[in-house]
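Undergrad: Go ahead and model the full structure; you've got the sequences and the hints to work with.
Residue 269 in my numbering is what sits at position 194 of the sequence shown, and the numbering runs on without skipping anything.
Don't read these hints as lab results, they were simulated from the structure. There may be inaccurate statements among the hints.
Label pairs and their computed distance ranges (CB to CB) [said to hold, decoys possible]: (1) S166 with G103: 28 to 34 Å; (2) G103 with T286: 22 to 28 Å; (3) P222 with E300: 22 to 28 Å; (4) R229 with T157: 47 to 53 Å; (5) W295 with S166: 44 to 50 Å; (6) P105 with E296: 16 to 22 Å.
All C-beta atoms, glycine included, are put in the ideal place defined by N, C-alpha and C.
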Amino acid sequence: MIICLNGIDGSGKSSQAQRLIAQLNAAGYPAVHVWTGGRRSLRRPLISLGKRLLKTAHSAKPKSGKADPAATQSGYGAYISTTQRILKRRSLYRVWQHLSLLEHAAEIWVMVLPHLLRGRIVVCDRYLHDSIIRVAVLAGNDASQLPQQLRLLRWYRVPAPTLGFLIDVPSEVAFSRKDDIPDIEYLRRRVPFYRAAAAQLKMLVVDGTKTPDEIASHIWETVTEILPEASKPLYSHR
Numbered sequence: 076m077i078i079c080l081n082g083i084d085g086s087g088k089s090s091q092a093q094r095l096i097a098q099l100n101a102a103g104y105p106a107v108h109v110w111t112g113g114r115r116s117l118r119r120p121l122i123s124l125g126k127r128l129l130k131t132a133h134s135a136k137p138k139s140g141k142a143d144p145a146a147t148q149s150g151y152g153a154y155i156s157t158t159q160r161i162l163k164r165r166s167l168y169r170v171w172q173h174l175s176l177l178e179h180a181a182e183i184w185v186m187v188l189p190h191l192l193r194g195r196i197v198v199c200d201r202y203l204h205d206s207i208i209r210v211a212v213l214a215g216n217d218a219s220q221l222p223q224q225l226r227l228l229r230w231y232r233v234p235a236p237t238l239g240f241l242i243d244v245p246s247e248v249a250f251s252r253k254d255d256i257p258d259i260e261y262l263r264r265r266v267p268f269y270r271a272a273a274a275q276l277k278m279l280v281v282d283g284t285k286t287p288d289e290i291a292s293h294i295w296e297t298v299t300e301i302l303p304e305a306s307k308p309l310y311s312h313r
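TA: Written as structure tokens, this is what we have:
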């Protein structure tokens with residue numbers, strides 16, 4: 076069984092994954108937490124460019140450790156403008172998208188399959204659809220286009236998640252929790268995409284502004300309903 080926790084950075088999905096693992100193990104279910112957010116080997120050139128463009132923004136952080144949105148806006152804006160110019164060409168966009176998905180799918184097989192074969196429940200932090208969202212944001216796409224783009228998941232036959240959660244938080248809340256995000260716009264652009272993905276893939280949406288205990292309780296109540304037997308997968312390969 077695979078359970079996926081999804082959301083923007085700062086949503087609290089990683090800490091909730093750890094809580095869920097502890098609850099599953101305490102209940103007698105062997106479970107592991109696996110980060111499956113997608114490796115960056117094939118995307119390294121563009122990422123390196125982004126790091127160079129954002130270098131000034133990172134160095135401009137105040138002593139509090141929090142990024143100043145006004146100080147970092149130009150750096151992140153330059154990065155997005157560059158990626159949009161690169162991915163404006165449809166052929167480049169398609170190549171980048173499929174390379175990202177291929178690399179991500181391979182990572183999932185390597186990281187998840189061994190645990191499934193040993194009968195463990197795998198709690199994944201992110202999954203294959205994150206690559207679709209990532210490329211869509213870099214290309215400057217609209218979130219309304221995401222359902223069509225998610226159809227590409229059928230071409231990459233990764234182990235199908237049984238249950239998916241979106242821990243939904245406003246970008247402002249997530250930004251206040253993180254000290255390594257260069258610009259709130261980085262989060263703001265991703266929020267509508269995750270919400271669109273949740274609707275399309277029938278994830279259960281959890282209010283991420285609630286207390287960690289409340290969120291964990293909500294997730295656990297839902298998970299316990301499917302523990303005796305797996306339900307319909309989140310991804311369908313039909």
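Undergrad: Each hint needs a verdict: does it hold in this structure or not?
TA: Hint check results:
1. S166 with G103: 28 to 34 Å: 52 Å, violated
2. G103 with T286: 22 to 28 Å: Between G103 and T286, where Cβ atoms are some 27 Å apart, the hint holds.
3. P222 with E300: 22 to 28 Å: Holds, at about 27 Å.
4. R229 with T157: 47 to 53 Å: 31 Å, violated
5. W295 with S166: 44 to 50 Å: Once the Cβ atoms are compared, 46 Å apart, the range 44 to 50 Å for S166 and W295 holds.
6. P105 with E296: 16 to 22 Å: 21 Å, holds
Checked against the numbered hints listed earlier, the structure breaks hints 1, 4; every other hint is satisfied.
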